[in-house]
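**Student:** Let the sequences and hints guide you as you build the complete structure.
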Amino acid sequence: MLAYAIRRMGLSLLILIVVMVAMYGMVFLVPGDPASLALGPRATPELKEALRERMGLDQPILTQIAYFFGNVLRGDLGVDVWSKRPVLEQILEVFPNTLILGVVALGWALVMGIVLGCAAVVWRDTWADRLLGVLSVSVISVPSFVVAIYALIVFAVWLNWLPAIGAGEAGDFWSQVRALILPAFAVGIGWVGYLARLIRASMLEVMEAPHIRTARAFGMRERDIVFRHALRVAIVPTISILAVGFGSILSSAVFVESVFSRPGIGTLITGAVEKRNYPVVMGTVLFMTGFYLLVVTAADLLIARLDPRVRDVLRG
Amino acid sequence: MSVLSVEGLSVSYRVLGGRLQAVRDVTLAVGRGEVLGIMGESGCGKSTLAAAMIGLLPQGAEVAAGAIRLNGTDMLRLSGEEKRRLRGQRIAMVFQDPMTAFNPVLTIGRQLADFAGAHGGVKGAAEIAGMLERVGIPDPGRCLRRYPHELSGGMRQRVAIAAALLVRPDVLIADEPTTALDVTMEAQIIHLLRDLRSSFDGAIVVVTHHLGVIAELCDRVAVMYAGEVVEEAGVDALFRDPRHPYTRALLSCDPAVVMPGSGHLPTIGGRIPDLMALPAGCAFAARCGMAEAGCAAPVPRHQEAGRSVLCHRSAA
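Chains W and A are the protein sequences, given in the same order. Its first residue numbered 1, the first sequence is counted upward by one per residue in the UniProt record's numbering. Its first residue numbered 1, the second sequence is counted upward by one per residue in the UniProt record's numbering.
Think of the hints as simulated: they come from the structure by calculation, not from any bench. Be aware that one or more of the hints could be misleading.
[Claimed, not checked] In silico negatives: residues of chain A with every beta carbon more than 12 Å from chain W:
hint : residue
1    : Leu144
2    : Asp219
3    : Arg248
4    : Ala249
5    : Ser252
[Stated by the list, open to error] Quick look at which bits of chain W chain A covers, simulated, 3 or more residues with Cβ under 8 Å:
hint : region
6    : 231 to 243
7    : 300 to 311
[Stated by the list, open to error] Pulled a few chain A residues facing chain W out of the computed Cβ check, cut under 7 Å:
hint : residue
8    : Ile54
9    : Asn103
10   : Pro104
11   : Phe115
12   : Tyr147
13   : His149
Ideal placement from N, C-alpha and C gives every residue a C-beta, glycine not left out.
**Tutor:** Structure (structure tokens):
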């Protein structure tokens, strides 16, 4: 198990390095000089040169990459070109907002997805199952930022129940919760449908298994069979999909944060892209890649915990 | 007084292009302390009969006629919920394949507790461990903490038998209990079942195609062919003096009785008739060495002391 964890860490590190190199390459492939784009058409050559120097763009590319790698290893993701604040500091400042949004969105989607997925199995082939199927597909097909805009109009503007922008007052728990509801709803709703479909399909397969027939032969209640026996088997493939899906949750958080002007990684990265603030863009993407790899690795370890057969294969 | 009786039972499956008659007009009874064997080759309807006995016929199966009485109550007239209450309480089953009969992600202990406690009566770990010990599992406490894949096939089948005995049923149905095991395991499980007979006061129904299992375990045997019971008799009488030509052919095919050095294994020529278009007369006539013109007429059941034979020529 430990050897497996170490192997996974090594693989994650390799992926991170590839991402870093690819990002650097992208910065240089993008047409136009970052300094002149950032400063606008009326900038003097001296100003541009000064900015290029400040961004490290006057150095040879290999030197730049080596320099960047060295800094990252020391935990330094670079410095904001404009505010001169360390990038890592800015990321850590807003990351909790994004993390809470992602976790709450995924959390309520998972709970609803499991309940609706199991309900569809218990009521399979009835009108309720078909209705759930239609609803699931409908919510999957609506992009999260569209949900965000409509939710904002209905609940914040018309009904005035919930705040329209921001992440709530610092230190005021309930105001933060209220500010979280609409974004978490918008990010999670598509996943409710997706997870409900996924769990339904996975459960229907498990319900055909001989061990479910054994449970039936012992007169277990169908409800207990579904929730106590079948779900434990059916949830395992769902976890890896959830982990991979966490990446798309984070990317929909980028849109939804923009809609709600909610401070977070999304607003940080969109602002930095607009201003060609490369150190912030690279630092943020790198940080999120690292975080994402951590989530995927954690999911694999969780699967090993939930499925003893996987655990034994890893041990052996 | 029989604990379980099947009266004139006919079961068919709805399939593409018609109806497949799996069980036809079967009448059987088994009393307390008695072991009834149901024998026949693959596709003769014995597994469908076993599934009907425990009220777990697969989807698409339809009972056309008959009754299955458990302690006098016709199970076919009960609702799904009423049948569930009988399963795992009055009637229990041991399945064919112990490799897939248990949930792969739950411990043996958790599953046995769930099965035995399906009707409220919670069994303590000590009682469960005691039953595992009785079926010959070394270190039962450790076995309870293990997962199914960590046990051998023979061990798992012992656990399955223990699970069935834990609920103290009136009827225990064993569907091909040794078929999925290798020869030494098979012998051990047969011996275990034989030992348990003396301490088990309910009725046992053993479904098998294995003549050794019948000879070692059963008091009476019903031989099935194409969905019908073609011969039913005490086990000694059947092996000593088989009356139905099919029973005779089956006994002569047993590898255990074939003379060594004879150079070939006898087989029954021909194939099982099409269960969707059965002849009006004897279903075995096409493969029978004794068949004559009269065999195409409907067959009367020939009854005499302790045995019944379904053959025009049984008197011959």
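**Student:** Kindly indicate which numbered hints from before are broken by the structure, ordering the numbers from low to high.
**Tutor:** none
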